[in-house]
Amino acid sequence: MVKKLEKVDAVIVGSGWTGGIAAAELTKAGYKVVILERGQDKKHEDFVGTKDELRYSKRYDLMQDLSKTTMTSRNSINKEAIPVRNNSNARLGNHTGGAGNHWNGMAFRWLPYDFEIYSKTVERYGKDKIPKESTMQDWGITYDELEPYYDQYEKTAGISGEENPIGPPRSDKYPNPPMKDTPTIKLFSKATKELGYHPYRIPSANMSQNYENPDGEKINGCVYCAFCEEYGCDFGAKADPIGTVLSTASKTGNLEIRNSANVNRVSHDGKKATGLVYTDITTGQEFEQPADIVVLAGFVFTNTQLLLTSKIGQPYNPKTGQGIIGKNFTGHFNNLSTYIGARGFFEEKKFNNFMGTGGLGASIDDFSGDNEDHTNLDYLHGYEVHYSQLGTRPIAHNEVPEGTPRWGKEFKKQSLKYFNRNLFITAQSGFLPNKETYMDLDPTYKDALGNPLLRVTVTYSQQDRNRAKAGVARCEEIMKQMGADSMNVTEVKDDIEFDHKFYTDHFFGGAIMGADPATSAVNTYSQMWDMDNLFVVGGSSFPHNSNYNPTVTIGAFAYRAAEGMLTYLKEGGNVAEKLLEKNA
Amino acid sequence: MEENRPPRTAKEAAQHQQDMSRRKFLKNSGVLAGGLVGGSLFGGLITNRFDKKDEKKVVNKKEHEAMSMEARQFFTRAHDFDVLSAATEQILPEDEHGPGAIKLGVPYYIDKQLAGRWGINGRDYRHSPYAVKLEDNDKSAGTAGEQSILDRGDLFLLGLRSLDDESQKRFSTAFDSATEDQQIELLTDFENDKVAMRGVQASEFFNLLLQSTLEGAYSDPQYGGNRNMEGWKMKEFPGAQASYAGYIEQDEFQKLEPVSLRDYQGH
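For the record, the sequence lines run as chains A and B. Quick note on UniProt numbering: the first sequence kicks off at 1 and runs consecutively. Quick note on UniProt numbering: the second sequence kicks off at 1 and runs consecutively.
Treat the hints with caution; some may be incorrect.
What the hints assert, rightly or not - Quick list of in silico lysine-lysine cross-link-like pairs, DSSO-like style, CA-CA up to 30 Å: (1) A:K251 to A:K570; (2) A:K180 to A:K350; (3) B:K233 to A:K409; (4) B:K255 to A:K417; (5) A:K180 to B:K255; (6) A:K350 to A:K190; (7) A:K501 to B:K255; (8) A:K409 to B:K255; (9) A:K190 to B:K255; (10) B:K255 to A:K413; (11) B:K112 to A:K43; (12) A:K570 to A:K7; (13) A:K501 to B:K112; (14) A:K413 to B:K194; (15) A:K28 to A:K218; (16) B:K112 to A:K413; (17) A:K350 to B:K112; (18) A:K7 to A:K43; (19) B:K233 to A:K186; (20) A:K409 to B:K169; (21) A:K417 to B:K233; (22) A:K409 to B:K194; (23) A:K350 to A:K480; (24) B:K255 to A:K480; (25) B:K255 to A:K186; (26) A:K43 to A:K68; (27) A:K349 to A:K251; (28) A:K493 to B:K194; (29) A:K350 to B:K255; (30) A:K319 to A:K127; (31) B:K112 to A:K68; (32) A:K349 to B:K255; (33) A:K578 to A:K7; (34) A:K79 to B:K194; (35) A:K271 to A:K501.
If you're looking for bench data, these hints aren't it; they were derived computationally from the structure.
Only chain A is shown next, with the shape it has when bound in the complex (with noise of 0.2 Å):
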């Protein structure tokens, strides 16, 4: 039996970055809100004396619990889908603060290209520039418009950076100076500056000193100690949603996280949501809590699952093109577009590669999304180059030249070598949305409730692996230029399939925003067109991904997001509509 529980304002499935900053928003104008996390509750005294390689790198200890549920996965619509079934495959957020806890904080800002693919394509070099498989769509947003919220992110998290000098207009500067320049850092702004590039310091979440955000909120100064990307941070030092926008919305009063909470379903009469069906995961209840709006803010997977579960939408089939509701999967694969460049080897030389901090190192925007002329490549979008300090820990990096044994006499000497002597540079691409990468319902496998596995196809097209193949190849040119004695490259073969890996933690898709009710499932302010009161917000509302982290772009349409329900809290229906008129 459901136990029906009393009405709130807003009910919000994840606690990460968008759900905390809808509940931030929400709290603040005095709404009652209720998040429902699946996750354990934490705090930060649970991320003290986090240097823990084995518990955190390796046993995924802050990462989804595959054993409850986890997605089916294939790379062609006439295969069966298998199960992934252990974490070195599906690195994914959980618990109070989400994957926001485990992020490295690389805080890059999306290009206007981005938002407008479609239209600037056919503008730059003609409708038969687009390959025949993309679905490929303009976001019914400008960067201009999208501008003041990721301002409004940025000072939330009070972001570390400096102006990039081929980077979008910004409305203001960083609200925190770049982190500290290190030795490996400057050698990769020599020498891509030699090369006639652009290096400018990636932007970070990680803080370049104490900070107070505009909600009063203190996030202090980073100490390098390098346990960042898959750890909550022990100093407090880096922006995550417990001791930002979630800890503002505890102190309004006016918030409940309820942890160990599981939604199943959105409950709804075909016309409005109603609330969310959850069970408790501690005692096996089953509960309804209704409330005026719903949020789904999970991750990507979560909140395409719960729309099919919900039946909430017309499911999209790669086979018609027909229907929504799962189209346009996109993500940072990682034999594709994120963990593929070139590694060189210093003989004379040995760096501090164990210090670092997820969001420090530099980066090139020169082939970053259309900033090339691609009139004569044989892809479309781009590329970004980074060198990163993330800080090497021992049991993840042996890395050893080619044709050293895996194992044995020769690999202990090369490892040992060369732990210290290797630097890794990078380049993350941009992929297109295919007609045959996308998202349903596994028809076999359930989770660990009985609700149905979401099924993930993805099919790389030949435009995938040329982008990657440039940018490895620029990784190339870069590191020789750093002087390094040899090198590992990255190959990508012409028949590169997906790998089934879903360890970027970046992925897009499956309920995509835009200005046309027939061709995207939410408006921009990731509100439903055919449900005024359940937005869903976060990745899933990209209708593809850029060469960048996306996080902070994440961040600014939650925000807009937020906009959104306080509009539809007082005025009802359509936002996207209300507020068009309004700024008009």
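Since chain A is already given, all that's left is putting chain B on it; use the hints.
Then chain B, alone, in the frame of chain A:
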């Protein structure tokens, strides 16, 4: 008589043997040429006590205390543990740079890990169908290799026994008694799927063994490996340092004494 009482523990046994000549002791307890442990009882104690480079070296107090805490939690059959020890030592052998897997405590690390949640794939999705046709397995397809119904404990036992069986078949000797070259040949063939295992590819076992050996060598000492932080010292990794804010802009390499989580946390 007191002197004739059989030793009750590995520690007693080692003490008992202390006065015997090294050669005789090695013969009795099965320690092999090349420094590998074949005896069922003594494991790391023996290799530490009889260091190849210095026959007179005895276990120092700290090492002794650390090792006297060890007992197998997962492996019930001593021979399985001996095969494991020998295999990990080939993956990360002792050399002039420092200790190998056995001295670092890797076999005990793996034993502990297998006895816990990781050994039973407690965080993994374990619902059927598991059906995997091994011949169709695309080795480049990451998760395809993880579709086996075996948990990690099962896989380790099956893999170690397959190693041993293959050694008997080829060389008429147990894996841990085989020569270094023979052991390397066997491990290489497992790595390259040249040996058939039931329900799983041999490389799946090998990769797990390889990964676990590196984990045991380089994880925090709290897990039973990386003894005395020797793994970190070899690698010039300084462990759980509180802060590098004062160093990170400096050009010269910083060689720092490593810090364990116990040092760091104080308890």
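For each hint, the structure was consulted:
1. A:K251 to A:K570: holds, 23 Å
2. A:K180 to A:K350: Within the cut-off at roughly 19 Å; holds.
3. B:K233 to A:K409: holds, 17 Å
4. B:K255 to A:K417: holds, 14 Å
5. A:K180 to B:K255: holds, 21 Å
6. A:K350 to A:K190: Roughly 18 Å between the alpha carbons, so the hint for K350 of chain A and K190 of chain A holds.
7. A:K501 to B:K255: violated, 36 Å
8. A:K409 to B:K255: With a Cα-Cα distance of about 24 Å, the restraint between K409 of chain A and K255 of chain B holds, given a limit of 30 Å.
9. A:K190 to B:K255: holds, 26 Å
10. B:K255 to A:K413: holds, 19 Å
11. B:K112 to A:K43: The hint holds at about 29 Å.
12. A:K570 to A:K7: holds, 17 Å
13. A:K501 to B:K112: holds, 28 Å
14. A:K413 to B:K194: Holds, because 27 Å separates the two Cα atoms, which is no more than 30 Å.
15. A:K28 to A:K218: OK: K28 of chain A and K218 of chain A at ~18 Å, within 30 Å.
16. B:K112 to A:K413: holds, 27 Å
17. A:K350 to B:K112: violated, 35 Å
18. A:K7 to A:K43: holds, 27 Å
19. B:K233 to A:K186: holds, 28 Å
20. A:K409 to B:K169: holds, 26 Å
21. A:K417 to B:K233: holds, 12 Å
22. A:K409 to B:K194: The hint holds at about 22 Å.
23. A:K350 to A:K480: With a Cα-Cα distance of about 17 Å, the restraint between K350 of chain A and K480 of chain A holds, given a limit of 30 Å.
24. B:K255 to A:K480: holds, 27 Å
25. B:K255 to A:K186: Holds: K255 of chain B and K186 of chain A sit about 21 Å apart, inside 30 Å.
26. A:K43 to A:K68: Holds. K43 of chain A to K68 of chain A sits at ~23 Å (cutoff 30 Å).
27. A:K349 to A:K251: Not satisfied, since the Cα-Cα distance of roughly 51 Å exceeds 30 Å.
28. A:K493 to B:K194: The hint holds at about 25 Å.
29. A:K350 to B:K255: Within the cut-off at roughly 11 Å; holds.
30. A:K319 to A:K127: holds, 23 Å
31. B:K112 to A:K68: Answer holds: K112 of chain B to K68 of chain A is near 24 Å, not above 30 Å.
32. A:K349 to B:K255: With a Cα-Cα distance of about 14 Å, the restraint between K349 of chain A and K255 of chain B holds, given a limit of 30 Å.
33. A:K578 to A:K7: holds, 26 Å
34. A:K79 to B:K194: holds, 28 Å
35. A:K271 to A:K501: violated, 37 Å
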